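> Please model the complete structure; the sequences and the hints are all you need to start from.
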Amino acid sequence: MGSTSTKIKLRTSDQKVFEVEKAVAVQSQTIKYIYENGCPDSVIHVHSVSGDILSKILDYCKKHVNSAAGKEDISPEELYEWDANFVKVDQNTLFDLILAANCLKIESLLDLTCQTVANMIKGKRPEEIRTTFNIKNDYTIEAEEAVRRENKWAFDMLGGVGTMVIEELADDTMSKCVTNTKSRVCVIAANQIVMMRSISKLANKKSIDVYKQPQNPTTPRIKESVKQRNVGTGFIELFFHFKCKM
Amino acid sequence: MISKAKVGSEELNSSFEKLLMVAAGNSGVRVRMEGAVITDWKDIPMELLLRIVSLVDDRTAIVASGVCCGWRDAICFGLTQLSLSWCKKNMNNLVLSLAPKFTRLQTLILRQENPQLEDNAVEAIANFCHDIQELDLSKSFKLSDHSLYALARGCPNITKLNISGCTSFSDGALEYLTNFCQKLKILNLCGCVKAATDRALQAIGRNCKRLQSLNLGWCDNVGDIGVMSLAYGCPDLKCLDLCGCVRITDDSVIALADKCLHLRSLDLYYCRNITDRAMYSLAHSRVNNKPSLWQSMKGRYDEEGLRSLNISQCTALTPSAVQTLCDTFPALHTCSGRHTLVMSGCLSLTSVHCACAVQAHRTLNTIPHTAH
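Residue numbers (the working numbering), protein chains in the order written: chain A, 1 to 246; chain B, 1001 to 1372.
Hints are all accurate, no fakes.
Partial pick of chain B residues on the chain A-facing surface, computed with a CB cut under 10 Å:
| no. | residue |
| --- | --- |
| 1 | Ile1038 |
| 2 | Thr1039 |
| 3 | Val1053 |
| 4 | Leu1084 |
| 5 | Asn1090 |
For the record, the hints were derived by calculation from the structure and aren't laboratory data.
Source: prediction; values computed, not measured.
Yeah, the Cβ is synthetic: ideal placement off N, Cα and C, and Gly gets one too.
This is the structure in structure tokens:
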């Protein structure tokens, strides 16, 4: 019997048994180590991974082994897309995948899952991260206050005192607003059709940062939204989190 | 972006340690793998959280440390590199708030576009972050000597310090710092006119024996005594920027040529007092210090020698001296691809060329012209 069809048996925490090709199973450095240093015929008990998760992981390993060996005709871009779809799972599953990939020592899967989580937390505030990952806030009131202050400072370039929001104004009125304002930050509402270049030029002269509110802003922190009607009557205190700068 | 290296690697445990190997025997023996049963994101193992955090920007890393106690503890334990240069308004407050948390920081970049940092923030860093090795405080106009005194007491492991543009520092405070921070390898004092004086340089020469790179750009109080003390005290000096140090003369360069045999990069822009004597001293020093047969393994001889030299506006130099220098150091180039011998403003030196420029010229001339 040829060694190309060597199979390895894996038993999961919920007593499911998987029989996989050796080439696929040894994508996991842990399994490889156990296989090479233990008895080849024994069943490897993967104690901390459930059947569902191991099944998914074995899919991943199989896909990557086949594509590397040329058994499957798949381009690097297609593999990249397959990977992207692989991690489109709920956060519980993602969590289990990361832990399992770490335990089984599958570097590429660990990279993929960690990068996915990194992308999910980039640019978010603590409350949003807690919601996404279902994490309970276990801070004391004082510690939470300190965190709130820290985040205010960390996101200081947008919002805070000195922000002006322009909504539903005519272009020449808007120009007057920008010319006369004492604000350092000027926010133009999403539905506002503006003469972008002229506003930018004016704003640059006065060292004002101009931001355009995106279509669906994440604005849980808006305290109040006031329409600027009077030219040059000062500025509005608002707390926005914007994604794009004009 | 934070690189993977920003996380302390000794904390990453191997899952092999969790393995329980049952002695191999008959078939059917099960080999077990230990693993804790973790179900919540707040309990994610520290090395995994740090791996994720190493993939995000600094601000997100700070935010992540505020999600819950578990994440805070993991990140505060593992975060070793942080930059707050993106912070335009509240850098001082952030440093005051973060220093007590991130006590394991080794690299901290606080370069500012508009000056925000004050003494109390640097004092906080000195009080909490004793592992700091690299600190960038450039353009912190508001800092006073109190900051240097604090750093001296709190951060003795500093190897790379950038205080360029911190114009309020005095030489006494800098001298005090060098007494305590003797591991300094890279020091940037560009524009620190009050701090970079001969007195400070003498202190550096006495205390910072491992110094490799020093930037004294535009410090016009620097004179020969200072540079000579530096040359005698810091034999490992590789890069020295004396741009705009108008007071120095040939004596400085002769001392450097004599004592700093690893010198790779020297900037003498606008040092009008430099004459051919300096050039010849550099060339002769290299020739004289070529290792003898039985000394060649000592490693004091740097194979390539001077790689970069800026003598722009040193109008007293003549072509023969500079050409000798160019011939002695093969790494000095005037050719367009690798322009490492910079002589702008020296109209008399246009005839000086490196060997490759001459070679290219010769090749062009030997291409035979086709007849007819």
